[in-house]
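Go by the hints and put chains B and G onto chain S.
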Amino acid sequence: MLRQSIENLGNRTIQVVWRIGFATRFFLATLLHSGTAFRRFGLTIREMYFSGVLSLIIILVSGLFVGMVLALQGYETLQTYGSEEALGILVALSLVRELGPVVAALLFASRAGSAITAEIGLMKATEQLSAMEMMAVDPIARVVAPRFWAGVISMPLLAALFSAMGIFGGYLVGVQLIGVDEGAFWSQMQSAVDFEQDILNGVIKSVVFGVAITAIALFEGYDAPPTAEGVSGATTRTVVTSSLAVLALDFVLTAFMFRGIS
Amino acid sequence: MQHDNLVEIEDVAFGYGARPVLKGINLTARRGQVIAIMGSSGCGKTTLLRLIGGQLKPGQGTVRVAGESLGDLDQAGLYRLRRKMGMLFQFGALFTDISVFDNVAFQLREHTDLPEDAIRDLVLMKLHAVGLRGAAHLMPAELSGGMARRVALARAIALDPMLVMYDEPFAGLDPISLGVTGNLIRRLTDTLGLTSLVVTHDVQESLKIVDYVYFVSEGVIVAEGTADEIRNSELPYVHQFVHGEADGPVPFHYPAPSYADDLRLRGKGA
Amino acid sequence: MNKTILDLWVGLFVITGIAALLFLALKVGSMSAVNTSNSYEVVARFDNIGGLKPRAPVKSAGVVVGRVADISFDNESFEAAVTLRLDKRYAFPKDTSAAIMTSGLLGEQYIGLEAGGDSQVLKDQDRITLTQSAVVLENLIGQFIYGKAQEGAPQ
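Chains as they are written, first to last, in numbering that gives the first Met the number 0: chain S, 0 to 261; chain B, 0 to 269; chain G, 0 to 154.
Worth flagging that the hints you see were computed from the coordinates, not collected in a lab.
Treat the hints loosely; a few may be bogus.
[Unchecked claim] In silico contact screen, one side only, chain B against chain S (beta carbon under 8 Å); selected entries:
#, residue
1, Gly-14
2, Gln-54
3, Leu-55
4, Gln-59
5, Tyr-78
6, Arg-81
7, Arg-82
8, Met-86
9, Phe-88
10, Phe-90
11, Ala-92
12, Phe-94
13, Phe-105
14, Glu-109
15, His-110
[As the list claims (entries may be wrong)] Residues from chain G that keep clear of chain S, each with C-beta distances beyond 12 Å, as calculated:
#, residue
16, Ile-4
17, Asp-6
18, Gly-16
19, Asn-74
20, Phe-77
21, Asp-86
22, Ser-96
23, Glu-107
24, Glu-113
25, Gly-115
26, Asp-117
27, Asp-123
28, Gly-141
The C-beta atom is built at its ideal place from N, Cα and C for all residues, glycine as well.
So that you can see chain S by itself, here it is in the shape it has in the complex:
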């Protein structure tokens, strides 16, 4: 009984370590075989359509609503202290520093990440990757790397659009609906939001999230058992794993970037 559970534990550990090793090798191979993704940039552009452009609607609409809710809630709280003019600061800082990169990344993981995993998993299950190998075309260079770079390029753009849309939503609710002074809204925002500290760090965050999400999605698809259940399970795992990775990375990055400020 005891021996059995120790054996199980050992088995699990070996499997986990093996998988981590495989994932690392896969990631390095992707980076090493990225030449094609840039030499034939058309391949990457095509994938940017699928991961970036097709995620636009959900990113823009969510950004607008998140900004509007932030303005409503923020106004309620700020009003208590008589500093409604700080509404612009509140909306802009929360979006640019945290909500923009993080929420856009979570949406990206469920919209584009799952699609990438399903596509790669299906290509594997229907032997398309094998066929490509037999045609002397490296699937890592031809299929995986362009999707990786497309995700890494799309993510910061999507996060920026999310933040911009959110600030616009905050402006609509705060200034147009509630009636906070427009000049104060923008000027306070401008004096409080710093380009390097806030906006650049937000962009760096979203690039890191883009790397994490697409790498996880591609690996899960590539590693999926070549069956229908295998692919659907891998798709679910992509969303769960990459969402957790985004939140954990966000904590680590925030601790590094904003420590000592405030």
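Chains B and G alone, transformed into the frame defined by chain S:
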């Protein structure tokens, strides 16, 4: 490089983990012939094809294609050799996100610098050879199973390979598509000077077109010979396989304890 | 999907994305506020800086004229040495005074400059001698209670 044998497999063994699949296979394929590899499902036929394609490395023995030992080649060498091979996968394995035309053009665009006009002509010629020139603009999802396999065949011969491997080309086809596919394999082999390696368990269809047959069972070659020799073989396994008998060397029943024991038909006191 | 339409969409996506980044950088953030190459630094010493932080605005007559570049502690005079980075466009007389102010009751702290009447102007690495420390709320309350107690005491 005029070797008479295009593919030479010597004493090859292979296993997935601890489970041995192939235990010492010897096989040769002469240039210009259609060779069939037969055996029941799960006997390692597909594994054999992957070994020849270099997608798997044998645990023991050597695989030689056109005189080059695959075990000695690096990635680049393997890819160079693979350009001279075509492979038809079980269900075609067409790229589902691009059209029939682009599927056939795929290798031409990846491996050659031909202008788009030349590619277009070549693709239409290959599609014409399999009778699907009119389907060039369709997407793979719009094709029937038999058509998808013919497109895959056109794709496999796009770079005029010297060796084409077929993984179960007859599985799941209606009788007409079956005849069409069989004839295509024979005709393309003869007209293009290919060597064809067909993995199948469809005896009747393949015996019509092949030159030589290998029978694989439990990881070893149990019989080999020309189509006529196989048809008239008296070996119990081959006889059972060719005539599709339910019981024989391959038993109908999975190994089990005695039937009577399982149903508890013995007397209580026994 | 037609390749040119696909290219068009991706192009539009990239353009709007970069536009959003520019909007964040220029309209939301204040990248244009103080240019490092067009500024000069002066030092002011305070007994107490309260909650002043680096990058806090420096205002004169309510207009942002610079930012706090650095805050350090002088271990000899036991004062806070605050380096102000001011925009070159604005010149201030030598006897300008600096005070730490609070925007609103509990808002952020900034440095207010009150111009004096000297004919000489502040140059790079000059020192502002007239300073007024931050108002610390505890001290204020303490004074208030002390004052009340004085008032109420029997003469």
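Hint-by-hint comparison with the structure:
no. : hint    : in the structure
1   : Gly-14  : violated, 18 Å
2   : Gln-54  : holds, 6 Å
3   : Leu-55  : violated, 11 Å
4   : Gln-59  : violated, 23 Å
5   : Tyr-78  : holds, 4 Å
6   : Arg-81  : holds, 4 Å
7   : Arg-82  : holds, 5 Å
8   : Met-86  : holds, 4 Å
9   : Phe-88  : holds, 5 Å
10  : Phe-90  : holds, 7 Å
11  : Ala-92  : holds, 4 Å
12  : Phe-94  : holds, 6 Å
13  : Phe-105 : holds, 7 Å
14  : Glu-109 : holds, 5 Å
15  : His-110 : holds, 7 Å
16  : Ile-4   : violated, 9 Å
17  : Asp-6   : violated, 6 Å
18  : Gly-16  : violated, 3 Å
19  : Asn-74  : holds, 21 Å
20  : Phe-77  : holds, 23 Å
21  : Asp-86  : holds, 14 Å
22  : Ser-96  : holds, 22 Å
23  : Glu-107 : violated, 8 Å
24  : Glu-113 : holds, 20 Å
25  : Gly-115 : holds, 26 Å
26  : Asp-117 : holds, 29 Å
27  : Asp-123 : holds, 23 Å
28  : Gly-141 : holds, 23 Å
Violated hints for the displayed structure, listed by number in ascending order: 1, 3, 4, 16, 17, 18 and 23.
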